[in-house]
Amino acid sequence: MHAALPSRSVTAALLLAAFALLPAPAWAYVDPNAGGLLLQLLAPVFAAVVGGWLFLRRWIADLTRRLWRRVTGRGGPPEE
Amino acid sequence: MSLPSARLGPLWTAALAAVVLLWLPLVVIPILDGLLFVSTPRELARDLGLLWLLGMLPAALLALTGWLAARLAGAAGAGGRTRDALGWAVALLPLVWICTWHGARMLWTWTRSVAGLELTITSGLRWFVMGLLLAVLALLIVRLRPASVLARLSGSLLALRPAAALVMLLALGAVLQKPPAVSWRVDPRPAAVERAAPGPRPRPDIVLISIDALAAADADACNPQSVQMPRLAALAQRSSCFTRFYTSSNFTTPTASTMESSLLPWSHFATQPDSKMLPAVRGHSLAAVLRAQGWRTHSITDNLLASPLHRGSFAAWSSSALAHTTLFGNLFRGAMTVFPETALPRLTATALGFLGAFDMAVHGEQSPYASERTYALVLQRLAAEGRSAPQFIWAHTLPPHSPYLPPPSTRHRLLPPGELERWSDMLPDNIEYAPALQPLVDKHRLRYRESIMAADAALGEFLDELQRQGRLDGALIVISADHGESFEQGLIGHAGPRLHDVLIRVPLVLKLPGQQVGRVIGQPVSQADLAPTLLDMAGAPPLPRAEGRSLRALLEGGALPPAPVFSMTMERQSRFRPLSSGRFAVIDGDDKLVSERQPGAPVQDQLFDLRADPGEQRDLAAQRPERVAALRALLDARLGAAEAARLAAQAR
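As given, the protein sequences belong to chains A and B, one line each in that order.
Throughout the first sequence, residue numbering follows the working numbering, covering 1 to 80 in sequence.
Throughout the second sequence, residue numbering follows the working numbering, covering 1 to 652 in sequence.
Just so you know, these hints were derived from the structure itself, not from any lab.
Each residue gets a CB set at the ideal place from its N, CA and C atoms; glycine is no exception.
Where hints are given, some of them may not hold.
Here are some, though not all, of the chain A residues that point toward chain B, as calculated from beta-carbon distances under 10 angstroms [to be verified]: (1) 40; (2) 42; (3) 52; (4) 54.
Restraint-style ranges between C-beta atoms, simulated for each label pair [what the hints assert, rightly or not]: (5) A:64 to B:648: 51 to 61 angstroms; (6) A:51 to B:637: 51 to 61 angstroms; (7) A:53 to B:143: 20 to 30 angstroms; (8) B:580 to A:53: 34 to 44 angstroms; (9) A:56 to B:143: 20 to 30 angstroms.
Stretch-level coverage of chain B by chain A, calculated; a stretch enters the list once three of its residues show a Cβ under 8 angstroms from a Cβ in chain A [unchecked claim]: (10) 98-112; (11) 306-320.
The task is simple: from the sequences and hints, build the whole structure.
So this is what it looks like as C-alpha cells:
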C-alpha cells in the first residue's frame, strides 16, 4: 500500500511468529467451546472488516468526501 | 501524513478506539459460542457492555503513560517531533502487540475449528519462535520509518472516533437494561443474625477441606504407610476413609458445585470452566441450610473456579474470601468478582491472557500457589469469629494443581535435580499427549507427587494448629478433593472429555466430632453424597432436591444398600438446549459404563470391570451386552429426569 508500511511478507512472518508464540494457558482451562459455529462465521467477517478498513481507508474517505460534496455542494470533512 | 500532537485527548480517544474496536472484539469472538451456552442474550449483552465500559481504563492508562512520556521527553529537551513520536509509541505500541496476540489466537482457534488441527507447543518450540519473532521485529525496525507508521496508525484510529463513541453508547445501554449485582467479599451482617437461630442440639464446627486435583491413587490416603500424604493418613486412622469416592466430573467448576449443592452437573449446569450454577438452584446448598440453622459459613479458596463468588452461589455464605496467589493475571480476574453474577472474571482473564507468558517467566521455579496462604486465612477467620457461633468453613487449596513446582522442602524427593525445574520446562497441562511422551509425563507425575507431599505438610500444620486451639477433636473434619489428575491414557492434567479412574476417584476422609477409631470403606459413593451426609451429621434438614444420600450408616459402622454413582463431562452442552451432548460414567459395583452421547451420532458405550482391570484397558461392552443395557437404562432414566427438571426450570 505504502512504501513505509511493512511488506506483506514481513507482516505475514510477524503474524505467523506471534501466532506460534501463543503461550499455553498453563494456569487456566482451555475454553472447551472455543471454535464453535459463531467463531467460524464471525472471525472471517471481523478480519474482512478490519482488513477492509486498513487497506481501503483512503478510498472510503475519498468516496465519503465526494458524496458529501455532491450532497451539500461544499467541501467534505477534512482529511485525517 | 504528519504525526498528531501527543496531547492527552487524542491519545485517549485513539487508544480507546483500539481497545473497543479491535482488542475486545478479538477477545470475545473466539469464546462467544461458549458464552451463549451459559448466559441468556440479555445477560451476555450486559456483560459485554460492562467489559466495553471497563475498556476505558486501559485506554486511559496507556494514554496517560504516553502523555507523561512525551512531557518527560520535552522536559529533557527533546524536539517536538521526537516528543510526539515517543508519546504515541508508548500509548499505541502495547495495543498493537496485544491486538496481534489476540488476532493470532483467534486465527489459531479458527484454524483448529475448521481444520481439526491439534498442536502441542513445547517450550523448545516456544523459545525458537520467540527468537524468530525478535529477528523479524529487528528487521522491521531497520526497514521501516517508525514515525511514519505511528502517523498512519494514529490517523486511522482517530478516524474511528465516531464508531468508538457509538459502541460505547451501545455498551452503556446494554448495562443499564440489566444492571449487574455488586458483591463485596464479607457479608456486613453481624454474627448475631446467625446466632439468633436456635439449634436442636450441640452444633459442631464443620471444616471441609478440598485439595485441588488430588487423585486417590496418588494420595494413597487410606494407607497408614502413605508416602505422599502421611499427615492425612494419620488423620484417616481416626476417621472414616473411603477408597472409592467418585467426583461428579473432572474439573473444578462442576465438582465444587456438586459438593455445595448435592446436585450433579446435569442439574446445576455449571458444566463449563467459567459457568455458574443455574439461578434456580443457587440457593440449594449446604451453606444455605447450615446458615439458616445458625452456622456462620465461610468459603476461602485460592482457586476462583471453586469460589461461590464465581459460580453464583455467594449469597449462601457469610463470607467468601479469595486467598492470594502470585499470578499477576489472577489479580484482575479476582477483582472482577465484585460483579459475581456476570462473566466479567472470565472475560477479563481472556482479555489479559497474554499475561500468562509473563507469569510463567516471572515465576521460574516457584509455584504461584501455596496452601499455607489459604490455611492462614482460615485461621484468621476462625479467630475473628470467636466461639459464640458454630462455624462452617470450606477451604479449597490449589496445590498440587499444576504447575508441579513443589517447594524446596519436598522437591527432589522423587525426581532428582536437573529436570522439570522451571514452569517453562513443563508440558502444558490439560492436553492430550502422544505415547512417545509417556516417559516425560511419568516424570511430571513424580513432581506432582512431590507437590502432594508439600500440600500434605501444609495440611498437617493446619490440623496441628486446630488441635492447639482445641478446635479439632470436637469438629467434623472432611478432607477431600474436587477431582483427580491424569498422567496416563494420553491425558496430562484434567478437564476435557475423559472420565478414567484417576480423574474422578479422589480421597475422602471424614472425622466425626470426637471420633477416635478409624475405618476403611470400599463401597462406591458419590461426591453428591457429601452435602447430605454433613447435613445429617449436623442435625440439619436435608436438601430437598439432593441427588446424593447420607452416608451416616457407613460412618457409624453399619451398611448402606449399594447405589450407582454417576460422573459426567458436559462441556459442549448448552443449558438452553436439550440434554444431548456429553460423556457419562455409571459406576455400579465393580462395573463402570462410559457412555458417549453426541447429537446426531449413535450412542457409544464402553464397559470396564474395575476390579479386574483398574486401568480401564479392556472394553467388555461386546462381551456383556446385557450389563451394558442395564447400566444404560439406569443412565437414560436419570438423564430423562434431569431433562424434565431442566425444562421445568426453563419454563419458570
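Hint by hint, here is what the structure shows:
{"no.": "1", "hint": "40", "in the structure": "holds, 6 angstroms"}
{"no.": "2", "hint": "42", "in the structure": "holds, 5 angstroms"}
{"no.": "3", "hint": "52", "in the structure": "violated, 12 angstroms"}
{"no.": "4", "hint": "54", "in the structure": "holds, 7 angstroms"}
{"no.": "5", "hint": "A:64 to B:648: 51 to 61 angstroms", "in the structure": "holds, 55 angstroms"}
{"no.": "6", "hint": "A:51 to B:637: 51 to 61 angstroms", "in the structure": "holds, 53 angstroms"}
{"no.": "7", "hint": "A:53 to B:143: 20 to 30 angstroms", "in the structure": "holds, 24 angstroms"}
{"no.": "8", "hint": "B:580 to A:53: 34 to 44 angstroms", "in the structure": "holds, 40 angstroms"}
{"no.": "9", "hint": "A:56 to B:143: 20 to 30 angstroms", "in the structure": "holds, 24 angstroms"}
{"no.": "10", "hint": "98-112", "in the structure": "holds (count 11)"}
{"no.": "11", "hint": "306-320", "in the structure": "violated (count 0)"}
The structure fails hints 3, 11 (numbered hints given earlier, in ascending order).
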